[in-house]
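Number of protein chains: 2
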Amino acid sequence: MPRTVTAYSNPLVKRVQGLRDKRHRREEGLFLAEGLRILTEARETGRVPVYLFYAAASARHPLVLALVEAVEARGGEAIETIPDILSKLSGKDNPQAVVGVFETFETALTALDRHAAPIWLVAERLRDPGNLGTILRTGDAVGAGGLILVDECVDPFSTEAVRASMGALFTVPIARAPWSEFLAWLRGGAGQLVGLSLQTEQGYRAARYDAPTFLLTGNEAQGLPAGYERECDLLVKLPMLGKADSLNAAVATAVMAYEVLAQHRK
Amino acid sequence: MPRTVTAYSNPLVKRVQGLRDKRHRREEGLFLAEGLRILTEARETGRVPVYLFYAAASARHPLVLALVEAVEARGGEAIETIPDILSKLSGKDNPQAVVGVFETFETALTALDRHAAPIWLVAERLRDPGNLGTILRTGDAVGAGGLILVDECVDPFSTEAVRASMGALFTVPIARAPWSEFLAWLRGGAGQLVGLSLQTEQGYRAARYDAPTFLLTGNEAQGLPAGYERECDLLVKLPMLGKADSLNAAVATAVMAYEVLAQHRK
Chain X
34 MPRTVTAYSN
44 PLVKRVQGLR
54 DKRHRREEGL
64 FLAEGLRILT
74 EARETGRVPV
84 YLFYAAASAR
94 HPLVLALVEA
104 VEARGGEAIE
114 TIPDILSKLS
124 GKDNPQAVVG
134 VFETFETALT
144 ALDRHAAPIW
154 LVAERLRDPG
164 NLGTILRTGD
174 AVGAGGLILV
184 DECVDPFSTE
194 AVRASMGALF
204 TVPIARAPWS
214 EFLAWLRGGA
224 GQLVGLSLQT
234 EQGYRAARYD
244 APTFLLTGNE
254 AQGLPAGYER
264 ECDLLVKLPM
274 LGKADSLNAA
284 VATAVMAYEV
294 LAQHRK
Chain R
34 MPRTVTAYSN
44 PLVKRVQGLR
54 DKRHRREEGL
64 FLAEGLRILT
74 EARETGRVPV
84 YLFYAAASAR
94 HPLVLALVEA
104 VEARGGEAIE
114 TIPDILSKLS
124 GKDNPQAVVG
134 VFETFETALT
144 ALDRHAAPIW
154 LVAERLRDPG
164 NLGTILRTGD
174 AVGAGGLILV
184 DECVDPFSTE
194 AVRASMGALF
204 TVPIARAPWS
214 EFLAWLRGGA
224 GQLVGLSLQT
234 EQGYRAARYD
244 APTFLLTGNE
254 AQGLPAGYER
264 ECDLLVKLPM
274 LGKADSLNAA
284 VATAVMAYEV
294 LAQHRK
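Chains as they are written, first to last, in the working numbering: chain X, 34 to 299; chain R, 34 to 299.
Here chain X stands alone, though its shape is the one from the complex (with noise of 0.2 Å):
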């Protein structure tokens, strides 16, 4: 039987609201979900809130009540709120119906399958949370088998990580390492280590991609390290017809990554 919180000083209300930041998040192990669609795409992947926020006024969706079963199934919590509070909650103006907090999660190197899918993305260094998020997003749609973030990246459940990616963050499998263990991993089996570069004239058209294929994306500042450059298989740049000399990091992905399934649909 969900309970009704009504009161911003509510200490659950305080609790959640804190998960906007990292260091909570890390203590707690715990992050925030926002909006119906999102949170209904987490159950179908089998992730399920342990505390659910919804406004009383959706409180008979379909979509709600589903939510709330799922959540109450698995022992978690279902409360009903109202709008200022999910606003709260979620650090926005037009606070969507539902806000979930969920167990954060995460995939070993080891146990990602590479054969599981012909494109996997890698990230080092990634700084921005809505960056890390559409590069899931994009992950999604290509098919990646995961996205891998190398050496210190931004945390994958930060709030805006999460909304970027659209509910990707629960169908693309992350998995984090620093770099000499992700080149180990790497070099234990097949898979094509592809760097996106401004260092080379090789253009991204006409290389040539083999299955799997692990796209490398390096800091959205700094590039790749020219140590990191040196271990790739291949490195490819992407026309740049103007004044900048880059493009945005989940851009440049994400045209590589098209690029690829193209030549692998071939």
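Treat the hints with care, as some may be off.
Think about it this way: if two alpha-carbon atoms lie no more than 25 Å apart in a straight line, the pair counts; the simulated SDA-like pairs of lysine to any residue are [stated by the list, open to error]: (1) X/Lys121 / X/Arg48; (2) X/Lys55 / X/Ser42; (3) X/Lys47 / X/Leu69; (4) R/Lys276 / X/Lys47; (5) R/Lys270 / X/Arg241; (6) R/Lys125 / X/His57; (7) X/Lys125 / R/Lys55.
Don't read these hints as lab results, they were simulated from the structure.
We have chain X; now place chain R onto it with these hints.
Structure of chain R alone, referenced to chain X:
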């Protein structure tokens, strides 16, 4: 001779801070851009701030000196200040060395020369400023003739859009028009209107693009209205292999733009 401002209560500081708000930008006809690289790019395209704020610590940087000189030569004002005020102005914890206040500008649709470039980007009811800026940045990279904003789009001079454009706001012409006006202008000359759509079986790789190609991207949540799709010469879709049914709007635009670019270059 630059003056020095160190008080938060300074009226100009308050006024400039207000430019993060759309209403103030519209009333004043001014907007904010930050960062040495972007301001230098703006200067190279002939756009010079009316007010230039820079950190005292950067006063001798050659690019800052060049900016100060350009600003004063145009009758603008250069203002030496402290990092905390730069933070206040830009709304960022780690401010850039310079913040510039520019006059807003815009290109009339009728002033665009469609034969000046083989690719043009068109966005309809774009809502997210980060997407708008990222699309401008991509437009610069693919050599787009400009970005045409159809119907009510987010303000291209919002601080987030300017930031995401990484300077492309100054290099890619922007025109705004209601749909009917855009369509009348487009049909007054050559131009293939290509809409990104979910309502077609035509894959984007198999389609053929004729210059000048006008790539039309719809609203992030709703895509293009059916009536607008009917006016397109071609509707194309990107493969979506995962659970999601759409890509980020800036990502989809970029994948399309690079495909068109590759075909034109063949």
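Item checked: Violated hints, by number in ascending order, as checked against the structure -> 4
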